[in-house]
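Peer 1: Construct the complete structure from the given sequences, taking the supplied hints into account.
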Amino acid sequence: IFLCVSPQQEGLDDGPDFLSEEDRGLRAVNVDLQTDATLQVDISDALSERDKVKFTVHTKSTLPNFKQNEFSVVRQHEEFIWLHDSFVENEEYAGYIIPPAPPRPDFDASREKLQKLGEGEGSMTKEEFTKMKQELEAEYLAIFKKTVAMHEVFLCRVAAHPVLRKDLNFHVFLEYNQDLSVRGKNKKEKLEDFFKNVVKSADGVLVAGVKDVDDFFEHEKTFLLEYHNRVKDSSAKSDRMIRSHKSAADDINRIASTLYTLGTQDSTDLCKFFLKVSELFEKTRKIEARVAADEDLKLADLLKYYLRESQAAKDLLYRRGRALVDYENANKALDKARAKNKDVLQAETTQQVCCQKFEKISESAKQELIDFKTRRVAAFRKNLVELAELELKHAKGNLQLLQSCLGVLKGDT
Amino acid sequence: SNDAENTAAHHRNTLQFNTYSHRKQLFSVCVTLSEATEEVSLDSPERQPILSDGPSPVITPVTPVMISSRADVFDRSPDQDEDEEENRDTFDIQISVSDPEKVGDGMNAYMVYKVLTKTSLSIFSRDEVCVKRRFSDFLGLHSKLASKYMHMGYIVPPAPEKSIVGMTKVKVGKEDLSSVEFVEKRRSALERYLLRTVKHPALLKDPDVLQFLESSELPRAVSTQALSGAGILRMVNKAADAVNKMTIKMNESDAWFEEKQQQFENLDVQLRKLHASVESLVCHRKELSVNTASFAKSAAMLGNSEDHTALSRALSQLAEVEEKIDQLHQDQACADFYLISELLGDYVRLITAVKGVFDQRMKTWAKCQDAQVMLQRKREAEAKLQHANKPDKLQQAKDEIREWEGKVQQGERDFEQISKNIRREVGRFEKDRVKDFRVVIIKYLESLVHTQQQMIKYWEAFLPEAKAIA
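Chains as they are written, first to last, in our numbering: chain W, 65 to 477; chain R, 11 to 480.
Think of the hints as simulated: they come from the structure by calculation, not from any bench.
Examples of chain R residues toward chain W, derived with CB under 10 Å:
#1 Val279
#2 Cys293
#3 Ser304
#4 Ala309
#5 Gly313
#6 Asn314
#7 His318
#8 Ala320
#9 Leu325
#10 His339
#11 Ile451
#12 Leu458
#13 Gln464
#14 Ile466
Taking CB as the label site, the calculated pair distances span:
#15 Gln198(W) / Gln104(R): 47 to 53 Å
#16 Gln179(W) / Ala471(R): 43 to 49 Å
#17 Asp186(R) / Gln198(W): 40 to 46 Å
#18 Gly182(W) / Ala286(R): 21 to 27 Å
#19 Gln405(R) / Thr332(W): 55 to 61 Å
#20 Gly475(W) / Gly437(R): 21 to 27 Å
#21 Gln198(W) / Ala265(R): 39 to 45 Å
#22 Ala286(R) / Glu142(W): 42 to 48 Å
#23 Thr325(W) / Ala265(R): 22 to 28 Å
#24 Gln104(R) / Gly182(W): 54 to 60 Å
#25 Gln179(W) / Ala286(R): 22 to 28 Å
#26 Ala471(R) / Glu142(W): 44 to 50 Å
Model, not experiment: these values are computed from the prediction.
We put the beta carbon where it would ideally sit given N, CA and C, even for glycine.
Peer 2: Here's what the structure looks like:
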């Protein structure tokens, strides 16, 4: 299945009433970013073929670092991951919240459904097949738009960050128009990653247990640990809720179809009645599907994003914690060296390096965490307001359809 | 009209399901669960079991006995009266089934329902009668009515289905939500059953119906297994089989019957499909309600841990909104069920009864054909005996010819009568169907309107809270 989509393409629903805001300004969905004229990044196009998604990363910049003012390259998901990991591995960036990597594009479920539909083509009527095909295509398109948005947000966060935007790898990512050849880490690297994560989680427990003298960081640690878990729970529960909503909308779709058949068959006055109600349900179920989609976008995606961001913030705290431990160890080593009067200079240098590292991280971490809070509050505000507005819009739409249909039906008797 | 009021009244009852109070009683739990149990268990000494009429129909139609002394607008035999429009306007009877009460212990326990009849009709001895009935009593009533009227082409409303699983849970004293729901579902179904039965002008006057509604003591019905909903289906299928096995296919001179049968066949298919979709919707809406409640709790926890005060408050408000919405989904699922799903279930069963009545006509025709074949044989036998010298046998043959001529005539009359009855019954049935569906679907749409209005209220209250995040 080939699907070529650009984020500006309008949705498949009918009428201006049913267009959602997500089609415009995807960038600012979950983050409150000031777009800077010196460096603007977006994903202008995307192509989905079989198991690959190819993103066209488009850059506009007045910075001298780039050869041109405007250029585009094609990147795949693995290259985004490479870029993200390069930030994580860079000691210089230890004091920053690394923008969370976008999740892998996952069309498996949708693809499976499309395949099943293809297999079952013989067993259903042409209308049923066309209808189901359209719905699955819409679903595929929605997932596709989402993955484009999430990859775009990652790049925009990087571009908006005062330090990360200057990163060389980032510039290579944006500009180098050849394959970055980073796909599929070799086995050795994968194993190293595995062990790094194991050590990290063990350390994480250790570091979390140490009480911080700094009230700010102590509070942040407590807050983030709890917040992250709660966001995780809310994210999972919101997903489940939205899935039920979609299932209910599907049922209404089937009901509408059967009512239509009844309407065409019935020998009594009910035929007109059934046809009218069928028409009504066709419309209301589109709205219900829209409600589920909007809830997905404004609520579920928001929670998912902050799940990843809070993890990135926790990682920052962990790195600071590690630096603190190193600093304290260096202090202890220095005391020992002074006591034994052996290798004092070396111990002093080490201690100073550790101290500087720790203080540098602490300073930037403090600012990062404050910014994180600001972004989070702004994102939640924006999304909750939009969620409420969309829920209202759809409920009013539903109400109007129901009341007008009732008026007609009651008038007929 | 009171019809609509009745329907409205009992739907009002069902829409109030969530506030229905269930009197708690303590029972000893029976540890072992025996094999398939029926409502009809052991004989109790004070009740005399009376055998209901056997399922095999008699040839001559049974006319119900008139018991009213005064001339009344309903005092008509079912054979007369093609047009009963005027009857509807003076149809004045309200029936409610309520207050389910458990009697007895363990696997011998059963539910007893209060049946209250309010009426100004003269065939009833009082304006208001209240009796206590158990499920098997309803089945017994239906079995009697079916055996009396089905072979005449009357569409006898089917009784609610038996449910071994549902009832067992109630018997062993499980006081959980599903048992409460089961009892409520059954109560509502029994009420609808009675309302449909008395809506039928012939059945309303039937002495068994009157006895059921008025008599304080009712003889216990046994062998209700034979004439449960499944039992009727079996009977119908047997008739259908008999039809299929007919060597001479009926020459349908009346296209109306063929057309109607096809229409009911199509209707059956679509209603079953619709019923399945609605049941799925009920299930998913209940799921949505549960998941929304779960999300609400989670959002409240998230709000608690959020350290920005205004955002924390907004998240708590969101949690409250979602909690209200989960209740809304729950109520809507109930409406989905009690209004639409049960209506569809009722009609699927009713159409089985309609199909049964068409098959009865075929069976009647087959009997008529058989009689004609027999008559022909007797005539042939008589012709043969003309040349033999056996005067007694000849006389016997002539007698048999007369007997079978009579049977043929009766058979033709029966066929004509059942055809006429079916035409009238189907007309009445379709009128009721149109009315039922209209009333219920409009009520359902109104419930959807209410849900949306509430949604708007909740989200409108939340919006300023979200905007207040600073």
